[in-house]
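Number of protein chains: 2
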Amino acid sequence: MTYLYTMENAVYPVKILHELAYSVFKKIGCPDDHARLATDVLLSADLRGIDSHGLARLSGYVRLWEAKRINATPDINVVHESPGTAVVDGDSGLGLVVAPKAMEIAIEKARAVGTGWVSVRNSNHFGIAGYHSMMALQHDMIGWAMTNASPLVAPTFSVERLLGTNPISVAIPADKEPPFVLDMATTTAANGKLEILQRKSKEAPLGWIQTKDGKPSTNPHELKDGGALIPLGSDYEHGSHKGYGLGAMVDILSAVLSGANYGPWVPPFVAFLQPPADPVGSGIGHFVGAMRIDAFRPVHEFKQHMDNWIKRFRSAKTTEGHDHVLIHGDPEREMKEKRTKEGVPLNPKVVDDLKELAARLNLKNPL
Amino acid sequence: MTYLYTMENAVYPVKILHELAYSVFKKIGCPDDHARLATDVLLSADLRGIDSHGLARLSGYVRLWEAKRINATPDINVVHESPGTAVVDGDSGLGLVVAPKAMEIAIEKARAVGTGWVSVRNSNHFGIAGYHSMMALQHDMIGWAMTNASPLVAPTFSVERLLGTNPISVAIPADKEPPFVLDMATTTAANGKLEILQRKSKEAPLGWIQTKDGKPSTNPHELKDGGALIPLGSDYEHGSHKGYGLGAMVDILSAVLSGANYGPWVPPFVAFLQPPADPVGSGIGHFVGAMRIDAFRPVHEFKQHMDNWIKRFRSAKTTEGHDHVLIHGDPEREMKEKRTKEGVPLNPKVVDDLKELAARLNLKNPL
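Just so you know, the sequences run in chain order A and B.
In the working numbering, each residue's number is its place in the first sequence (first place is 1) plus 40.
In the working numbering, each residue's number is its place in the second sequence (first place is 1) plus 40.
Chain A on its own, in the form it takes in the complex:
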């Protein structure tokens, strides 16, 4: 969660940001429905406070399109399926568009046989995992979303960067309580947190990053010098092999199962770095799923127990200095309510980047 409410950030109404993103996606040739969907997914990150995955990424997507690594008019196809599963080829489309289409297929499959699981190849960065998993909620289903990503993470005992921050999101509906929404990188800290420290010229806690020789580091710029992010757990003694194992599982389900690139072969998300010359698959991979609650238990029973679960945990006795126990999804939902009303604060560097992008694409600058 990357909260950037600081004095230096100007705040913009959601409508203006929405129009900007939509006009950019239209300008690069996305069909109207794709442009609307991509905008919705992108803005959901800014609204939920995960600023690293929102408008801050827009110019990067455009640069990948300019480099012909993103296809604005993809033919998204099912290439293999069973009643409860599918593999989708994203045709180099925006992950922002490909992943929701895959999730729709998973939801259809779940409607038919109880659960649906779709592994996706030939895609690109899909924004926040939580957008896709949460699509299941309105259907009274549990939603799953994972993706692999550019290799920035060193497995336990490795100095090489072999995995992405490979997030896992699971969204579970409740009744009167808001849903439980887990959305986590499988690293100790996501890259967005390093970016905040970089902007503030602050050091990172030990356990987040290592040098190119695998030594502990507190330098938030370490990745530029060949350093790596560390899997959840921070070191072997504190279970980093578990975070590594989860990231590995995400990589395998997203890419080995679909025929995407995996591990160190995942293409970088930035246009100025070339993809590996010896790909082992197509594009990057995602893995999404939907589980129909009533394929297990009557929905009302399940939801009442979810409410009970959430209330019991939220009201547990806390450690000093905290007034409640965190329920996953609460901070992002509260942020979304706040920003929907008050607008989205954008870092000055992101504003400059968006202005430059608008100028380059001959779009009117709304900022």
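It is worth saying that the hints were derived from the structure and are not from the lab.
Fair warning: there could be bad hints in the mix.
Copies of the same chain are indistinguishable here, so a pair counts whether it falls within one copy or spans any two.
Below, simulated DSS-like cross-link-like pairs (lysine-lysine); rule was C-alpha separation at most 27 Å, straight line [to be verified]:
| no. | residue 1 | residue 2 |
| --- | --- | --- |
| 1 | Lys395 | Lys252 |
| 2 | Lys255 | Lys357 |
| 3 | Lys381 | Lys404 |
| 4 | Lys395 | Lys66 |
| 5 | Lys351 | Lys252 |
| 6 | Lys389 | Lys66 |
| 7 | Lys216 | Lys351 |
| 8 | Lys351 | Lys66 |
| 9 | Lys252 | Lys67 |
| 10 | Lys252 | Lys357 |
Fair warning: this is a prediction, and the values are worked out from it, not measured in the lab.
Use these hints to put chain B onto chain A, whose structure you have.
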């Protein structure tokens, strides 16, 4: 992973230990096929080096049977199902028996519609999660196994123990390489690791446990004084909310979805502690699943890429003092090969406990 090869431990041939466990399960009234299965699951923990979940637990199961909290002749039933899902009621049976039966159902469902997922209520401790997930491998499927457990873990910012060590296991087949087998507690360290430190009178690293007031502790006996295990991540700054989120997900899939007890209502695994007086479900819960590889991609293609994945990661450049990068499942498989040949070392306290158990049940003592 709890390796106990020390000078003090006598080593016993697998056959003798197998006979002992089988005779105990028969003696408490398990049908022959259940006794064989329970023995196989239990011994797999000792063979794979996860000593905390093997014979060390046998007398505890018997005490729960004596307290009428384990039913030796359960009628294990599907109570709700769809083509790809089921809820199984374990009828208070041994989890060692209930979980493999549930996994068989998941495998059948996967054969029919691509994947199969079974949530289980009214069960008991199921041994090592890896046994159940690995059942899928011989069918060219990916196997999943999770379970909730007695509350010993405090969520981030909680002083109350609300979750178990709630493990996640995912087993993924390869071709010439051995399978990838993740089997992890969602805590920084599993309880078995504390038990080793207790026996050796050593301190625990900071980040594993907290006092009853939520303060950091290095005392491996802290749980006896109301302390708690800490979720994977160790503290909020290092992502303990992620470990907590994973443990929560396991709890919800295993118990809220099936109708078992969840969170602080999960009955304790020891007979001298009474279950909560206000249960919210039946027994403890598991969640198992199977995904047919060829419901996504031809099996030989998948397995060749898994071999490539495993070889690339295993041969990565390592940090100082390590000669290879860990592949999940390797240490346990190597331990199984060693112990199958050389026998299983048992801690003297476990040997005494087993001798006492054999005497109490009027069984010949083979140790």
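Results of checking the hints against the structure:
In this assembly of identical chains, Lys395 and Lys252 lie within 27 Å of each other by CA distance neither inside one copy nor across copies; the values are 35 Å within and 53 Å between. Proximity of Lys255 and Lys357 under a CA criterion of 27 Å is satisfied inter-copy only: 14 Å between copies versus 38 Å inside one chain copy. Taking CA atoms no more than 27 Å apart as the test, Lys381 paired with Lys404 passes inside one copy only; the shortest distance there is 25 Å, against 75 Å between copies. Taking the shortest alpha-carbon separations for Lys395 and Lys66, only the intra-copy value of 17 Å comes in at or below 27 Å, while the best inter-copy value is 76 Å.
Proximity of Lys351 to Lys252 under the C-alpha cut-off of 27 Å is restricted to the inter-copy arrangement: shortest distance 21 Å between copies versus 45 Å within a copy. With identical chains, the CA atoms of Lys389 and Lys66 are at most 27 Å apart within one copy only, with a shortest distance of 24 Å there and 71 Å across copies. Taking the shortest alpha-carbon separations for Lys216 and Lys351, only the intra-copy value of 10 Å comes in at or below 27 Å, while the best inter-copy value is 49 Å. Taking the shortest alpha-carbon separations for Lys351 and Lys66, neither the intra-copy value of 44 Å nor the inter-copy value of 43 Å comes in at or below 27 Å.
Taking the closest pair of Cα atoms, Lys252 and Lys67 never come within 27 Å of each other, the shortest separation being 40 Å inside a single copy and 59 Å across copies. For a Cα distance limit of 27 Å, the shortest separation of Lys252 from Lys357 across copies, 11 Å, qualifies, whereas the shortest one inside one copy, 42 Å, does not.
Against the hints set out earlier in the document, violations occur for numbers 1, 8 and 9.
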